[in-house]
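Student: The primary structure of each chain is shown beneath.
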Amino acid sequence: MSGAAHPDAMAPPQPGRTRTAPPRKPSSWPAHPRMRVYTLFGLTGVVYFAMGFVLLYVFWQLGKGDAAWMSVMASMTSPFFIAFHVLSLISVVFVGVRFFRLFPKSQPAKIGPAKPPPQPVILAMLYAVWIGLTGLFVAILAGGLF
Amino acid sequence: MSDATKKFVITRFDPDRDEGPRTQEYEIPVQSDWKVLDAINFIKDEIDGSLSHRWSCRMAVCGSCGMMVNGEPKLTCKTALSTYGDTVTIEPLANFPTIRDLVVEMDGFMDKFKSVKPFIIVAKERAVEEGTHRQSPEELQDFKQFSMCINCMLCYSACPVVANEPEFLGPAAIALGHRYNMDSRDDGADERNEIFRGEGTVFSCSYANECSEVCPKNVDPAAAVNQAKFNAVVDWATGLILPRGGEE
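For the record, the sequence lines run as chains A and B. The numbering used here puts the last residue of the first sequence at 183; the count rises by one with no breaks. The numbering used here puts the last residue of the second sequence at 652; the count rises by one with no breaks.
If you are wondering where the hints come from, they were derived from the structure by calculation, not from laboratory data. Certain hints may be false.
As the list claims (entries may be wrong) - Capping the alpha-carbon separation at 16 Å, the derived lysine to aspartate or glutamate pairs in EDC-like fashion look like this:
1. A:Lys-152 x B:Asp-546
2. A:Lys-147 x B:Glu-571
3. B:Lys-518 x B:Glu-571
4. A:Lys-147 x B:Glu-543
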């Protein structure tokens, strides 16, 4: 097995009379496709963290006037920021798809007397809302609505 | 009739002689219809009687024969040997202390199980003449899936949170508590939701979903844990907003 698990993982509150070998983590974790997906899911947090700083910087520059704002907008066309935004988009889509896949089964069996719709219907509703909102924002940003 | 041979790399640990776990290799003739457990039993019966492992029913009901097979938690009586190559690695369940060879310490697991009050709690005992507790098939359907758990502990071996947070209640125990919370005959949801809102319980789960991926009975403990999160929050909010904490 790979690394050591926490020494007290699944240990009984009172040690028994027999000496035991300490718990180990599964060796499949670093290499297993499922664990790679889970690790990538966690790593997207770094992208969102960086995106937060970019947004703060953009808002900061917005407060400094037109020239600063135009300078920021110009910098966004650099290959670095284009690559960063592509990475952010991939991260959002990846987390969204993973979240949508797991969300339906997390719903309670019922809320009061009401039961949630079947899982495929919930999944379809999530994608419909996501696609609808994306279309709305694209229309706003393209100047089609305002 | 023997079809081929396979090499088995098995973790051995004798608390009286070994400093720590070591591996031992066995090359044995195997048959195409064998499960992994058949091979381990062959080694125990024909080659090395000192090898220790747990097993009982051989039909995925008792939950005794859980082990790591090529690094993944598997119920060895249900896992076809033919799905593996020439070398098969067998280890004790990950995340558990090992007592001997492939036998793990279960007391910590049992303590976590007991802590969720895994029994029906009734607010008021009914007299016999009041009749039996009736439950419709629809009510049974709300929790039936979670009652299929055989306590094989594979989900604890697969869970990345269990490996790092020893106080984490874990998938099977939470699924069991949730199973009773969903039972129409039970009145103990408030008590269990209070446990679920405590440290190291449902909110420690990061939804890796590994427990459900490895469950040999398709119980889906990850669904139970995350439904329990929702119910624990609703229970807390209800107690906050409604007069007398929502008690009738």
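Student: For each hint, tell me whether it holds in the structure or not.
Tutor: We went through each hint and held it up to the structure:
Of the pairs offered as hints, the one joining Lys-152 of chain A and Asp-546 of chain B holds, with about 10 Å between alpha carbons and a cut-off of 16 Å not exceeded. Of the pairs offered as hints, the one joining Lys-147 of chain A and Glu-571 of chain B is violated, with about 30 Å between alpha carbons and a cut-off of 16 Å exceeded. Taking the CA atoms of Lys-518 of chain B and Glu-571 of chain B, the gap is about 14 Å. The hint holds against a cut of 16 Å. Between Lys-147 of chain A and Glu-543 of chain B the CA atoms are separated by roughly 10 Å; this keeps the pair inside 16 Å, and the hint holds.
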